[in-house]
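Engineer: So you can see what is in the structure, the chains are spelled out below.
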Amino acid sequence: MSVVDIENLSFAYEKDLILENINLTVDEKDFLAIIGPNGGGKSTLLKLILGMLKPKKGSIKVLGKAASKNPSHIGYVPQNTNVNTDFPIKVIEVVLMGHVGTKNPLFGYGKDEIACAMGALAQVGMQDFSQSKIGSLSGGQRQRVMIARALCAHPQILILDEPTSSIDIKGQKEIYELLKLLNQSITIIVVSHDISVILEYATKAAHINKRLSYHDISDKKETFHTHNEGEHFCEVELLQMLGSEGCSTCDHDDHKEDTKWREAK
Amino acid sequence: MIEALSFEFIQHALIAGILVSFAAGIIGSLIVVNRMVFLAGGIAHASYGGIGLAVFFGFPIFLGASMFAVSSALLISSLTLRKRHRIDTFIGLIWAVGMAIGVIFIDLTPGYNVDMMSYLFGSILAVSTEDLYFMAALLAVILFVMTFWYRDILAVSYDSEYASLRGVNVRFFYTLILILAALTVVVSIKVVGLILVIAMLTIPVYIAEKLSHSLFSMMFLSGLIATLFTLVGLWFSYTYNLTSGASIILISAASLGAFLLFYKGK
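Listed in order, the protein sequences are those of chains U and V. Our numbering puts the first sequence at residues 1 to 265. Our numbering puts the second sequence at residues 266 to 531.
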């Protein structure tokens with residue numbers, strides 16, 4: 001069953017087209033990686049799926065309905081969770097934000113809400129930190145809390161924007177292991193720059209640079225091998241693989257140098 | 266010192282100091298965590314225009330200053346939501362134009378020679394009973410708003426994008442915080458004056474932020490610390506016959522310095 005259906009979608013902020021004629025279907029329990037250059041439209045596509053932006057052309061359906069603001073069935077983990085770390089807020093309060101907008105008691109937080117938030121924290125292994133100040137956590141721990149906040153609404157789809165951009169290698173691996181676990185019951189869409197790590201966990205990949213090209217990489221274990229014990233795919237092989245499959249956006253004019261480089265190899 | 270407490274104007278000064286300190290502690294916390302300090306400074310100075318208008322047309326000063334401050338808050342709020350990248354320019358404009366309007370209207374007022382310095386630097390020893398009612402009413406409104414909308418205001422302050430995604434009306438709460446900030450600035454004029462108010466909104470908050478784990482405790486602690494500074498400042502100004510507003514600010518600043526030394530050494 002498909003959870004996200006995007007048909008002939010185009011989007012422009014003002015005159016310049018950011019996304020052009022995008023077609024994408026995300027199936028239930030997919031682990032989709034969205035990759036592509038800076039300014040290629042990755043975050044814009046996420047915002048369209050979240051309903052924060054309206055498409056200029058085409059349609060987006062999330063779980064059979066038009067994408068709208070306030071989607072309770074989508075969990076969202078925004079980029080840059082390392083800003084505003086001076087803010088005096090406890091971990092549990094951050095997670096409870098996932099509930100804002102649903103029916104609230106007049107004063108404070110309901111018992112069931114707190115139980116739910118604690119449950120979400122337990123899911124990401126952060127239950128012992130519920131009373132800590134958010135600024136006292138490490139980048140990886142903070143990212144887990146943000147995932148817990150998204151899980152607090154019991155989403156069917158979890159969307160993450162560059163979840164590991166400012167976390168050390170060990171923390172990154174832990175985050176992706178966590179996502180793999182969550183993927184057993186939730187559809188996951190991740191935007192990332194970190195091609196080698198993301199492709200290790202993702203089952204589908206979409207390359208976006210104004211246009212989209214789609215790859216099913218669920219059989220990647222057979223397609224290529226990892227060097228040494230770090231289970232880290234070689235970026236060169238990955239780029240060659242993605243390029244050789246006739247990726248239409250990669251043959252675009254502004255990528256000529258890229259192509260030349262590949263031919264030279 | 267004790268016999269001074271029997272004077273009505275001293276009693277008024279103490280009550281006003283406590284009421285305004287708590288309002289400033291709560292609203293100052295919101296201003297600091299939302300990075301609105303410069304906005305609050307702009308609103309504070311612009312409210313001088315309201316004082317000028319009130320003097321010229323002969324209506325109560327608090328009313329004139331409140332209306333002018335709230336209008337500037339609304340103007341800044343709508344500009345911020347539309348032209349965020351130029352907001353510092355607009356704040357600077359509102360800051361200076363408001364003060365200029367005040368100066369011109371006071372010039373135009375025939376025979377007016379009340380010391381305008383008291384509005385710029387505070388006159389806590391001249392607090393009337395009506396002033397106290399106004400301050401108490403504002404504190405009540407602030408407490409009401411914070412009680413009923415604490416979690417929404419917390420969400421908007423911490424992560425406005427996420428709050429908006431969860432259905433919180435970010436625009437409404439942003440404007441509400443600015444309006445409350447404007448009104449707090451107006452009542453603080455009596456205590457420390459509109460030029461010094463920014464220190465009262467930030468120094469206690471800065472100390473409280475370091476010691477707090479939640480926004481609620483930060484607000485409460487800021488209120489307590491602001492009250493302490495105000496009372497010590499008042500005592501200092503009474504004992505050495507110095508201007509009260511400036512005394513309060515310098516006591517606050519000296520305490521902040523001592524706190525930072527102690528806090529770093531820990």
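Calculated directly from the structure, the hints in this document are not laboratory data. Please read all numbers here as calculations on a predicted model, not as lab measurements. The C-beta atom is built at its ideal place from N, Cα and C for all residues, glycine as well. Treat the hints loosely; a few may be bogus.
Cross-link-like lysine-lysine pairs, in silico, DSS-like; alpha carbons within 30 Å at most [to be verified]:
{"#": "1", "chain 1": "U", "residue 1": "15", "chain 2": "U", "residue 2": "133"}
{"#": "2", "chain 1": "U", "residue 1": "180", "chain 2": "U", "residue 2": "204"}
{"#": "3", "chain 1": "U", "residue 1": "15", "chain 2": "U", "residue 2": "90"}
{"#": "4", "chain 1": "V", "residue 1": "475", "chain 2": "U", "residue 2": "47"}
{"#": "5", "chain 1": "V", "residue 1": "529", "chain 2": "U", "residue 2": "56"}
{"#": "6", "chain 1": "U", "residue 1": "54", "chain 2": "U", "residue 2": "29"}
{"#": "7", "chain 1": "U", "residue 1": "180", "chain 2": "U", "residue 2": "170"}
{"#": "8", "chain 1": "V", "residue 1": "348", "chain 2": "U", "residue 2": "57"}
{"#": "9", "chain 1": "V", "residue 1": "529", "chain 2": "U", "residue 2": "133"}
{"#": "10", "chain 1": "U", "residue 1": "15", "chain 2": "U", "residue 2": "47"}
{"#": "11", "chain 1": "V", "residue 1": "475", "chain 2": "U", "residue 2": "57"}
{"#": "12", "chain 1": "U", "residue 1": "111", "chain 2": "U", "residue 2": "54"}
{"#": "13", "chain 1": "U", "residue 1": "170", "chain 2": "U", "residue 2": "29"}
{"#": "14", "chain 1": "U", "residue 1": "54", "chain 2": "V", "residue 2": "348"}
{"#": "15", "chain 1": "U", "residue 1": "133", "chain 2": "V", "residue 2": "475"}
{"#": "16", "chain 1": "U", "residue 1": "15", "chain 2": "V", "residue 2": "348"}
{"#": "17", "chain 1": "U", "residue 1": "57", "chain 2": "U", "residue 2": "15"}
{"#": "18", "chain 1": "V", "residue 1": "529", "chain 2": "U", "residue 2": "90"}
{"#": "19", "chain 1": "U", "residue 1": "47", "chain 2": "U", "residue 2": "204"}
{"#": "20", "chain 1": "U", "residue 1": "61", "chain 2": "U", "residue 2": "90"}
{"#": "21", "chain 1": "U", "residue 1": "90", "chain 2": "U", "residue 2": "170"}
{"#": "22", "chain 1": "U", "residue 1": "29", "chain 2": "U", "residue 2": "180"}
{"#": "23", "chain 1": "U", "residue 1": "29", "chain 2": "U", "residue 2": "56"}
{"#": "24", "chain 1": "U", "residue 1": "204", "chain 2": "U", "residue 2": "170"}
{"#": "25", "chain 1": "U", "residue 1": "65", "chain 2": "U", "residue 2": "204"}
{"#": "26", "chain 1": "U", "residue 1": "133", "chain 2": "U", "residue 2": "54"}
Residues of chain U placed beyond 10 Å of chain V at every Cβ, according to the derived structure [said to hold, decoys possible]:
{"#": "27", "residue": "84"}
{"#": "28", "residue": "90"}
{"#": "29", "residue": "96"}
{"#": "30", "residue": "99"}
{"#": "31", "residue": "111"}
{"#": "32", "residue": "131"}
{"#": "33", "residue": "132"}
{"#": "34", "residue": "141"}
{"#": "35", "residue": "154"}
{"#": "36", "residue": "195"}
Engineer: Which numbered hints turn out to be false for this structure?
Structural biologist: 1, 3, 4, 5, 11, 12, 20, 26, 27, 28, 29, 30, 32 and 33
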